Amino acid sequence: MKIVYAALMHDYMVPERGYSFEHQTFYDALRAMPGVHLVYVPYDRMLEVGRDRMNDEMVALAAREKPDLFWAVMFTDELRPDALRAVGALTTTLAWMCDDHWRFDSYSRRCAPHFHWIATTYSRAVARYHALGCRNVIHTQWAANTRLFRPLPVARDIDASFVGSYSKPRARLIEALRRAGVKVVVRGTGWPEGRVSGEELVRIFSASKVGLALNPPSSYLGVRSLGRLFLRRSGTRLVADVHHLPGNVRELLQRRIPQIKARVFELAACGALAVTADADNLGDYYDVGREVVVYRNADDLVDRVRHLLAHDGDREAIARAGYERTVRDHTYERRFGEILRRVTAA
Numbered sequence: 003m004k005i006v007y008a009a010l011m012h013d014y015m016v017p018e019r020g021y022s023f024e025h026q027t028f029y030d031a032l033r034a035m036p037g038v039h040l041v042y043v044p045y046d047r048m049l050e051v052g053r054d055r056m057n058d059e060m061v062a063l064a065a066r067e068k069p070d071l072f073w074a075v076m077f078t079d080e081l082r083p084d085a086l087r088a089v090g091a092l093t094t095t096l097a098w099m100c101d102d103h104w105r106f107d108s109y110s111r112r113c114a115p116h117f118h119w120i121a122t123t124y125s126r127a128v129a130r131y132h133a134l135g136c137r138n139v140i141h142t143q144w145a146a147n148t149r150l151f152r153p154l155p156v157a158r159d160i161d162a163s164f165v166g167s168y169s170k171p172r173a174r175l176i177e178a179l180r181r182a183g184v185k186v187v188v189r190g191t192g193w194p195e196g197r198v199s200g201e202e203l204v205r206i207f208s209a210s211k212v213g214l215a216l217n218p219p220s221s222y223l224g225v226r227s228l229g230r231l232f233l234r235r236s237g238t239r240l241v242a243d244v245h246h247l248p249g250n251v252r253e254l255l256q257r258r259i260p261q262i263k264a265r266v267f268e269l270a271a272c273g274a275l276a277v278t279a280d281a282d283n284l285g286d287y288y289d290v291g292r293e294v295v296v297y298r299n300a301d302d303l304v305d306r307v308r309h310l311l312a313h314d315g316d317r318e319a320i321a322r323a324g325y326e327r328t329v330r331d332h333t334y335e336r337r338f339g340e341i342l343r344r345v346t347a348a
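So for the sequence shown, this note's numbering puts the first residue at 3; every next one is plus one.
Quick caveat, the hints were computed from the structure, so don't treat them as lab data. Since we're looking at a predicted model, the values are computed, not measured. Fair warning: there could be bad hints in the mix.
With beta-carbon atoms standing in for the labels, derived distance ranges [to be verified]: (1) Ala347 x Pro260: 49 to 55 Å; (2) Asn299 x Glu18: 23 to 29 Å; (3) Arg112 x Asp289: 36 to 42 Å; (4) Arg322 x Glu18: 36 to 42 Å; (5) Ala62 x Gly339: 28 to 34 Å; (6) Asp54 x Glu326: 26 to 32 Å; (7) Gly183 x Asp289: 27 to 33 Å; (8) His309 x Asn138: 41 to 47 Å; (9) Arg292 x Pro219: 22 to 28 Å; (10) Asp302 x Arg66: 18 to 24 Å; (11) Gly183 x Arg112: 45 to 51 Å; (12) Ala347 x Asp286: 18 to 24 Å; (13) Glu195 x Asp286: 22 to 28 Å.
Ideal Cβ positions, reconstructed from N, Cα and C, are used throughout, including at glycine.
Put together the whole structure using the sequences plus the hints.
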């Protein structure tokens, strides 16, 4: 099966930030699937030739390669609607929507009608897509790329770790743990300790007794959150977006909706015990309390982490069950295989 795949190559199109999440998961997993021939269209190309030429090249590529499927992992406005329609006249098209929990109104609903298929990680978005007239909607979920995320033969000598971007709500949770005497290794954009490479990320997870997948809701106020009412990201730039103000207001409010993080699956795939807040339909993917641990608030997080660190048997049993469930049911090969079967059977 030949797939033309369009997505970010580098994180936010900035090479200094390393490869993007999409490149390390979607691209790597898709190209490794038996019978799949992947043709890559990195959005980063627009930084060299501009958005219009990148889109024209993409249409020409689809005409030349005659793929069985065009698969896009959506970011901002890299793909022109007319280019998507042109590609859609040549082959079946699918969009993986990453953040329908909070940006359905401000983003997803505007680009979804240009695709034949939609894959969403938010269970409640399915009915909303149907209301738009999008009939081919697949409710899917994040997973683990087990080619990258796997247990390394290192000592589990890190009590707790968090790897992810800085935010004030996350910082408050980390501070609560540290005040309680929990030693937490923290890395990621915005933290004083800085980012890590993909290899170092896996080493940290493999060495962690408890892995934190912190997903606290964003706060309502703040310069950045208020700025999103009037500005939107376009590639690497911010542009005015006043004419979408009603949708942007809904987006701001919907950022309070907890969402399942890919980090839960990645931590478990490395053999760490994943601790996260409840979100959407997490219970459909893990047996809460037996395969993953869920906290309600900062105090509950502290109590649960301290208990897990003090009870090796309990912690190791949950971590082992979470690992086994992940490698059995929650790999990207399995997710993508299900999607491709749905699309090709239609």
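To see whether the hints hold, each was checked on the structure:
1. The hint said 49 to 55 Å for the Cβ distance between Ala347 and Pro260, and at roughly 33 Å that hint is violated.
2. For Asn299 and Glu18, the hinted distance range of 23 to 29 Å is not satisfied, since their beta carbons lie about 36 Å from each other.
3. For the hinted restraint 36 to 42 Å between Arg112 and Asp289, the CB-CB distance of approximately 38 Å keeps it satisfied.
4. Roughly 38 Å separates the CB atoms of Arg322 and Glu18, a value that falls within the hinted 36 to 42 Å.
5. At about 30 Å, the beta-carbon gap between Ala62 and Gly339 stays in the expected band of 28 to 34 Å.
6. In this structure the supplied range 26 to 32 Å is violated for Asp54 paired with Glu326, their Cβ-Cβ distance being about 49 Å.
7. About 29 Å separates the C-beta atoms of Gly183 and Asp289, a value consistent with the hinted range of 27 to 33 Å.
8. Judged by the Cβ atoms, the range 41 to 47 Å given for His309 and Asn138 holds: they are separated by roughly 45 Å.
9. At roughly 26 Å, the beta-carbon separation of Arg292 and Pro219 lies within the given 22 to 28 Å, and the hint holds.
10. At about 56 Å, the beta-carbon gap between Asp302 and Arg66 misses the expected band of 18 to 24 Å.
11. Separated by about 48 Å at the C-beta atoms, Gly183 and Arg112 satisfy the suggested range of 45 to 51 Å.
12. For Ala347 and Asp286, the hinted distance range of 18 to 24 Å is satisfied, since their beta carbons lie about 23 Å from each other.
13. For Glu195 and Asp286, the hinted distance range of 22 to 28 Å is not satisfied, since their beta carbons lie about 34 Å from each other.
When held up to the earlier numbered hints, the structure conflicts with 1, 2, 6, 10, 13 and fits the remainder.
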